[in-house]
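Starting from the known structure of chain A, arrange chains B and C on it as the hints suggest.
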Amino acid sequence: MGAKFSRRTLLKGVLATAASAISMQPFKKTMAHDFQGYQSNRGVLVDLSRCIGCRNCEAACSREHGLAPPDEFPENFQLLEQPTQGVRRPDQNAFTVVNSYESALSDHPLFKKIQCNHCLEPACLTACFVNAYTKTPEGAVIYDADVCVGCRTCMVACPFSIPAFRYDSAFEARIMKCNFCFDSRLSKHRPPACVEACPMEALTFGYRNELLQVARKRIRDAPGKYQNAIYGEFEAGGTSWLYISPVPFEQAGFDLQVPRQPILHYVKDFLAVVPMVLTIWPGLFAGLYLLARNRKITDDSSNHEDMSDETIER
Amino acid sequence: MKPLSGNLTDAVGRAPVISGGEQRLLDKLFLGLSGRDYLTRVRTNPLNWVICLILVIGIPLLCQRYLYGLQAITHGSQDYPWGVLLGFGLFGMVPLSASGFLLSTTVEIFQRDDFRPIERLALLNGLLGYFFAVVFLLVDLGMPWRLTYPMVVSFGPAAVLFLVAWHVATYLSVQVAEILPAVSEWAGWPGVKRFILRITLGLTIAGIILSTLHQGALGALFCYAPAKIHPLWISPEFQWLHFFVSSIFAGLSMVIIISWLVTKTMSWRCDQRFLSSLDNITLGLAKGGATALITYLVIKVVAVAHDQEWLLLISGWGFYYLLEIALGTLVPLVAFAYGVRHRRVALVRWGALLAVAGIIWNRLNTVMICYNYRLHQEVPHWKELWVVVTLLCFYFIVYRFILYRIPVLFRWRE
Amino acid sequence: MRILLFLLCGWASAAAFSFAAGVTLPSGEMMKAPDSLLLNSITGIYEEVRFDHVLHDSYASCVECHHHLTGKPSAEPGCNYCHRFGTSASPVDCKSCHLVDRFSEESLSAQRKQTNYHIDIAGLIGAYHLKCVGCHLSITAGPTGCQDCHRKQENSVSP
Chain A
3 MGAKFSRRTL LKGVLATAAS AISMQPFKKT MAHDFQGYQS NRGVLVDLSR
53 CIGCRNCEAA CSREHGLAPP DEFPENFQLL EQPTQGVRRP DQNAFTVVNS
103 YESALSDHPL FKKIQCNHCL EPACLTACFV NAYTKTPEGA VIYDADVCVG
153 CRTCMVACPF SIPAFRYDSA FEARIMKCNF CFDSRLSKHR PPACVEACPM
203 EALTFGYRNE LLQVARKRIR DAPGKYQNAI YGEFEAGGTS WLYISPVPFE
253 QAGFDLQVPR QPILHYVKDF LAVVPMVLTI WPGLFAGLYL LARNRKITDD
303 SSNHEDMSDE TIER
Chain B
3 MKPLSGNLTD AVGRAPVISG GEQRLLDKLF LGLSGRDYLT RVRTNPLNWV
53 ICLILVIGIP LLCQRYLYGL QAITHGSQDY PWGVLLGFGL FGMVPLSASG
103 FLLSTTVEIF QRDDFRPIER LALLNGLLGY FFAVVFLLVD LGMPWRLTYP
153 MVVSFGPAAV LFLVAWHVAT YLSVQVAEIL PAVSEWAGWP GVKRFILRIT
203 LGLTIAGIIL STLHQGALGA LFCYAPAKIH PLWISPEFQW LHFFVSSIFA
253 GLSMVIIISW LVTKTMSWRC DQRFLSSLDN ITLGLAKGGA TALITYLVIK
303 VVAVAHDQEW LLLISGWGFY YLLEIALGTL VPLVAFAYGV RHRRVALVRW
353 GALLAVAGII WNRLNTVMIC YNYRLHQEVP HWKELWVVVT LLCFYFIVYR
403 FILYRIPVLF RWRE
Chain C
86 MRILLFLLCG WASAAAFSFA AGVTLPSGEM MKAPDSLLLN SITGIYEEVR
136 FDHVLHDSYA SCVECHHHLT GKPSAEPGCN YCHRFGTSAS PVDCKSCHLV
186 DRFSEESLSA QRKQTNYHID IAGLIGAYHL KCVGCHLSIT AGPTGCQDCH
236 RKQENSVSP
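Residue numbers (this note's numbering), protein chains in the order written: chain A, 3 to 316; chain B, 3 to 416; chain C, 86 to 244.
Bound-form chain A, shown alone:
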């Protein structure tokens, strides 16, 4: 008691209060692993029980993007007589392909369409060092051929091995990958060409979080018809293209070893080490140098040698 309440004290008090008030504002910080995906992320639910292997989706896709029409396209919609067992894959001329699978649990072959799954946390985007990939709010993972260098790290990083490279071009090499028909359709909130072409509505377009509910409803409404899981719900951190299947997923060519974490998770720790090395190494090695040099000075002086002889050696 009795302390003089000076202007300086008042100023200090005001500044301290202001600083603490500001610092107590809740910081809006988004951690990468908390990100649940854009609310507007569209998706497609692929129902393997409905696909009849007509490959209308392949035809529509090639038409939409000016690619060569799919080869071996017989008139009858029941084709792919030899089960392909996952042999076909998207390549430089096809963004999407349909494979057929023999399954012991089904009296007819199962057909599965594969294309880019438009992951919520895409590995290709994570791996690209020229920022050629972009995840749009509508959910499409699109590619910019104008900055791509052709290093093909995205092909290594994609857990589904989707991106294909145009190896046969010397001057127009680029990655070829499904882009969710972003430029022509998704940016205008229209479904992709393959979805519109599917006669059996094996492809259902909508908002990803709503499609999850649709998928769960289908599984629930037909007990025993489907496997009780949605492929793509958690795989690689979650994908926009979701699959439900009447047979166990590994029998329909799904890779069950795809990690649940987004691929970014596996390189985050190394990337965090980088600034540590950049900061610690200089001090560490400067210190070692000083220790070594001082030891040499001690040795030299005890051997009665002149330090200036060292420079001639160089």
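Hints are computed from structural coordinates only; laboratory data are not their basis. In this text, all values refer to a predicted model and were calculated from it rather than measured experimentally. Among these hints, one or two may not hold up.
Said to hold, decoys possible - Distance ranges between label pairs, derived from CB positions:
| no. | chain 1 | residue 1 | chain 2 | residue 2 | range |
| --- | --- | --- | --- | --- | --- |
| 1 | A | Thr136 | B | Trp270 | 56 to 66 Å |
| 2 | B | Glu380 | A | Glu252 | 20 to 30 Å |
| 3 | A | Asn95 | B | Gly193 | 24 to 34 Å |
| 4 | B | Glu380 | A | Asp73 | 54 to 64 Å |
| 5 | B | Ala229 | A | Thr281 | 30 to 40 Å |
| 6 | B | Val154 | A | Asn95 | 24 to 34 Å |
| 7 | A | Leu290 | B | Thr46 | 44 to 54 Å |
| 8 | B | Val391 | A | Leu290 | 57 to 67 Å |
| 9 | B | Val178 | A | Lys14 | 53 to 63 Å |
As the list claims (entries may be wrong) - With a cut-off of at most 27 Å between alpha-carbon atoms, the simulated BS3-like pairs for lysine-lysine come out as follows:
| no. | chain 1 | residue 1 | chain 2 | residue 2 |
| --- | --- | --- | --- | --- |
| 10 | A | Lys190 | C | Lys180 |
| 11 | B | Lys195 | A | Lys298 |
| 12 | A | Lys137 | A | Lys270 |
| 13 | C | Lys216 | C | Lys198 |
| 14 | B | Lys289 | B | Lys302 |
| 15 | A | Lys219 | C | Lys216 |
| 16 | A | Lys190 | C | Lys198 |
| 17 | A | Lys298 | B | Lys289 |
| 18 | C | Lys198 | C | Lys180 |
| 19 | C | Lys198 | A | Lys219 |
| 20 | B | Lys195 | A | Lys270 |
| 21 | B | Lys30 | B | Lys289 |
Note that the Cβ used here is the ideal one computed from N, Cα and C, for glycine as well.
Okay, now just chains B and C, sitting in the frame of chain A:
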């Protein structure tokens, strides 16, 4: 050029000049021989004929690649985007070129002057290795004219390869600077040499930082595909450490081999200081190599334990893994340890050869052989292999050209 | 007398017949089913389908296709949990509930506003094929090939 037999004189009857002091540029280039004498030597060296043979097919293949795309010389595989060009050229050659930062650290930071005779050779080895890694990249990239894009046009800083690109570019500059004293002696630029000597400590520390990070980053690159590579070859937590530690004994072993090769093939170029100290230096390098090898073995075991992969060791892939460890790491370790203890320099050199082969084997395993181990195996196209050998010929030619002239193996007499 | 009887029988049978091939709407109004229909809401890759209604009427009861009508329980067991007292819906045609443009932004938000259970109503193309082809495959009769029902447009790549 002088034949491999080690004979100083030949049909021409004139020995190349041990350089020093003021000389004309043509003398410096042709080693004091006349143009005709020089060309005779070039023509009469059987090694040059072998190189010619390789280039006669290799250069058209390179033209094919640039005119018709990578499909012309590789299988153009969508499942195996990286082949031998990157597997050997980048991932194999970069750890072998770690000699630069290792020897500069030894001499400049740890003040070990007994390694000074070999420092320049190690620096040159590092520089050429990284430079040709970039050459391999220029052949393998889909759009090689965009090599500088991650530096100037479009940045993806969260990508591991971004770090590799920037570090390799920066480190190449560091290595060029570190070899400049030797070049400036030959070229007669004393000011350059003085300047570099002043900043050598900074260059060395920069070199260690950059090398640690990009050697590690090349390993971290494979953490993008944790499920695609066989678990024994990929350890997401430790992959960068595996690649960094293995680069240490890779670089040291490479110096042991290169120094041995130069004494065998161009001993006329090496001065007394180099030749007389080489045995002790070799044993010293082996000591460092042995330390790195045992460290590497232990962290490999730690990774197996951490990922609980013990049972995988008793599978087909497991035996292959154990073979790689045995031949590529364990045998060199024993050779180094025994050789250092009992001063068996020849044993150490064979150990170094195995260690280098083991490193190349490990990198090829990680990039190609154990990659997509659940899919079909991909065998490289013969043209791709030929292009790799062609580029290695260019590497050899440049290496030899520099070693014959620049005071790396000898000291420039003022 | 005989003529009257004949006329009476004829009228009765006609009435009976029309009753069978027709439906009573909730309003009490009778609606006669057409003999054949031209399904042409979606033509793009294929031309329209000429659907033989009379033929199908002899194979299946109304409720198997028009699963909202006739006051009888639905053929789908999953529906009857809620709809077992079988209230009719007034639209008869498929495309009133199964929209042509199923995936437009408007359709998606309309479906979102459904206060009931039905968040997975197929679009018209899907509804046709799932119902028609699904049935044809399960009874192993009836056309299943694409061109068996609708001709391909010129320059179409589809099967």
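(request) Find the hints from earlier in the document that the structure breaks and name them by number, from lowest to highest. (result) Result: hints 3, 4, 8, 20, 21 break, sorted rising.
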